[in-house]
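Note that the protein sequences, when read in sequence, are chains A and B. Each residue of the first sequence is one higher than the last, beginning at 1 in this note's numbering. Each residue of the second sequence is one higher than the last, beginning at 1 in this note's numbering.
Worth flagging that the hints you see were computed from the coordinates, not collected in a lab. Any given hint could turn out to be false.
What the hints assert, rightly or not - Here are the simulated lysine to any residue pairs, SDA-like style, with alpha carbons at most 25 Å apart:
#1 B:LYS99 - A:VAL297
#2 B:LYS99 - A:ARG307
#3 A:LYS495 - A:GLY62
#4 B:LYS99 - A:VAL301
#5 B:LYS99 - A:GLU102
#6 A:LYS58 - A:THR11
#7 A:LYS495 - A:SER64
#8 B:LYS99 - A:ILE373
#9 A:LYS495 - A:VAL485
#10 B:LYS99 - A:VAL304
#11 B:LYS99 - A:GLU372
#12 A:LYS470 - A:LEU49
#13 A:LYS58 - A:ARG100
#14 B:LYS99 - A:GLY371
#15 A:LYS470 - A:LYS495
#16 B:LYS99 - A:GLN305
#17 A:LYS495 - A:TRP12
#18 A:LYS470 - A:LEU482
#19 B:LYS99 - A:THR153
#20 A:LYS58 - A:LEU494
#21 B:LYS99 - A:ASP152
#22 B:LYS99 - A:ARG100
#23 B:LYS99 - A:LEU482
Claimed, not checked - Incomplete in silico selection of chain A near chain B, CB under 7 Å:
#24 TYR143
#25 GLY147
#26 SER156
#27 MET160
#28 ALA167
#29 PHE168
#30 GLY171
#31 LEU175
#32 THR188
#33 LEU189
#34 GLY191
#35 LEU195
#36 LEU231
#37 ASP235
#38 ASP238
#39 ALA463
Don't be surprised by glycine CBs; every beta carbon is placed ideally from N, CA and C.
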Amino acid sequence: MTVSWPTIEWTWAPLVLLALTAVGIVMADLFMRAPRPALWMQLGLLGLLAAGTAVVLKIPDGVSAFNQAVRYDGLGRLGVLVILAGGCLIVLISHRPVRRDELPAAEYFALLLLVVLGLATLSISFELMAIFLSVEMVSVGVYILAGLRRGDTRGSEAAMKYFVLAAFSAGFLVLGFAFLYGGAEGSTLLGRIALAVHRPSTPFTVGCVLAGFALALTGFAFKLTLVPFHLYAADVFDGAPTPVAAVLAALSKAAGLIALIHLLSPLRIVSNETMQSALTQDFTGLLWIFAALSIVVGNAVALVQRRIKRMLAYSTIAHSGYLLIGVLVFLDNTVRMAEVETAILVYLIAYVLMNVGAFGVAAALGPAGEGEIEHYAGLARRSPALALAMTVALLSLTGIPATAGFVGKLTLFARAVEAGHIALVVLAVLGSAVSAYYYLRIVVYMYMRESSTETVGADTDAAPLELGHKIGLILSTAATVLFGVFPQTLLFLLKIL
Amino acid sequence: MYPITLTHYLAAGAFLFAMGVVACIARRNAVGILIGIELILNAANVNLVAFARYWNNLDGEVFAIIVIILAACEAAVALAIIINLFRGFGTVEVDYASKLKE
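Produce the entire structure from the sequences given, and follow the hints as far as they go.
Here it is as structure tokens:
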């Protein structure tokens, strides 16, 4: 008699590893007498790195699991890696805030890991239930993280605002999914929904699919803070702890965008069938409007912000607009799929790196540095390293050559021009030019203004920065410059991973 | 005789959804908003179960159960947030608990 050993399902491994690490941290905390923030941080990093290694070594491109509900396709698999790497950086830049605000470290890092887990599953889900479950895992985690600071009214207000909007949008999302399920003749797999789009059986199912996509798109527009569904972003970013704002700004946008692309993939034009191309054209128009509004409103409102995190919130709204151009290019079939995916990934990597850098510096500077922009006056004199990191992040956000942000914008906009979205690209470039004003204003403050006496007093950066925080900032800054100066390295990395 | 068809269930779902949206927008009390959100999620549940019956397949019912579980999770966390809000501001009216815009 032969004994068959259970084989390890590697496709589950990264997800299970993250979940186990998170649960392990909370359980182990029960047995500790004193709080051990550094230990939980290291454990969290270990879990993220282990999950990343499992993906790189054991999961080849295109593997599916959970009965097709999860698929590591090119975009999703690399997206998971981007999210895990971004998760590592955000764990690192949490070092200072967790210490200073005395956040409950075990709960903080465990929840952060669970949010990253939700984002990772979101970017590989090809089934409606899996997508909804991942979205909720992220939202519920962020509700708690946003209000984790004890006795802080700003935090609890941010948590409340995020809860109302995220739960409201989840309602739209799940109602949309219900209609898609009905339209796909009783299947929740995206592949079956694609069939329903390409070979619709009755006008009724067509109506269901149309309503489903419209409602689901509205839900995603809230998550991606697209104008006109962006109103909560600035308040939430301003009130939540800075690393949590970084998760929302960088990682949740990245995963949300990948999930949106997967969800809309049934609409990608394969031939000029009347039904499908008509449906796609409707949604292309809608996405066009979202993109244009986000670019214009995001950049315009960012100009008048006086608090750093509110400014960064509006800047991410503008960046969502740029990213949406990628989705539009994806829906067109004029550009090859692999090229679109590379362009989107390059942009996402640059976007995650520069946002982590900017939020990381704000987190390092303490409450004053998370507040008014005036506080940055003379920062180059007080702490040149932080000023340098902030400058690199801001130049990259603007899209100045020799930074990753430039490479990302260039590849994405080049593909968009190929696909014929010239008007939108012109708008995006004009928007970037406007954005230079509010990004570079901070650089000018840091290098060309004297610090006033009260800002020096308000600094909490007198104590040397924690090692983890330093490493996080160095990594994100170095990668921003490296990928900007040698874009080949980034393309090489995307190829070998 | 008028048999109850899928359309009736969808209409009921749409009505619940509309009520939920109105509650979320018009209510300024945090608990009222929470109830509105529950209404929206349950509207989706009605649709899911109706479609499951219509296509004679259980996926929709599984989905509805998942939505119910997640709604419970959300409500648990939301009530904690509301209590936290009350501690900080002394009220659960969201208009009064608004300092971030300054």
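Hints, one by one, checked against the model:
no., hint, verdict
1, B:LYS99 - A:VAL297, "23 Å, holds"
2, B:LYS99 - A:ARG307, "14 Å, holds"
3, A:LYS495 - A:GLY62, "14 Å, holds"
4, B:LYS99 - A:VAL301, "19 Å, holds"
5, B:LYS99 - A:GLU102, "23 Å, holds"
6, A:LYS58 - A:THR11, "8 Å, holds"
7, A:LYS495 - A:SER64, "20 Å, holds"
8, B:LYS99 - A:ILE373, "19 Å, holds"
9, A:LYS495 - A:VAL485, "18 Å, holds"
10, B:LYS99 - A:VAL304, "18 Å, holds"
11, B:LYS99 - A:GLU372, "15 Å, holds"
12, A:LYS470 - A:LEU49, "18 Å, holds"
13, A:LYS58 - A:ARG100, "39 Å, violated"
14, B:LYS99 - A:GLY371, "14 Å, holds"
15, A:LYS470 - A:LYS495, "29 Å, violated"
16, B:LYS99 - A:GLN305, "16 Å, holds"
17, A:LYS495 - A:TRP12, "23 Å, holds"
18, A:LYS470 - A:LEU482, "18 Å, holds"
19, B:LYS99 - A:THR153, "8 Å, holds"
20, A:LYS58 - A:LEU494, "16 Å, holds"
21, B:LYS99 - A:ASP152, "12 Å, holds"
22, B:LYS99 - A:ARG100, "23 Å, holds"
23, B:LYS99 - A:LEU482, "41 Å, violated"
24, TYR143, "5 Å, holds"
25, GLY147, "6 Å, holds"
26, SER156, "4 Å, holds"
27, MET160, "5 Å, holds"
28, ALA167, "4 Å, holds"
29, PHE168, "5 Å, holds"
30, GLY171, "3 Å, holds"
31, LEU175, "4 Å, holds"
32, THR188, "5 Å, holds"
33, LEU189, "9 Å, violated"
34, GLY191, "14 Å, violated"
35, LEU195, "14 Å, violated"
36, LEU231, "11 Å, violated"
37, ASP235, "4 Å, holds"
38, ASP238, "5 Å, holds"
39, ALA463, "28 Å, violated"
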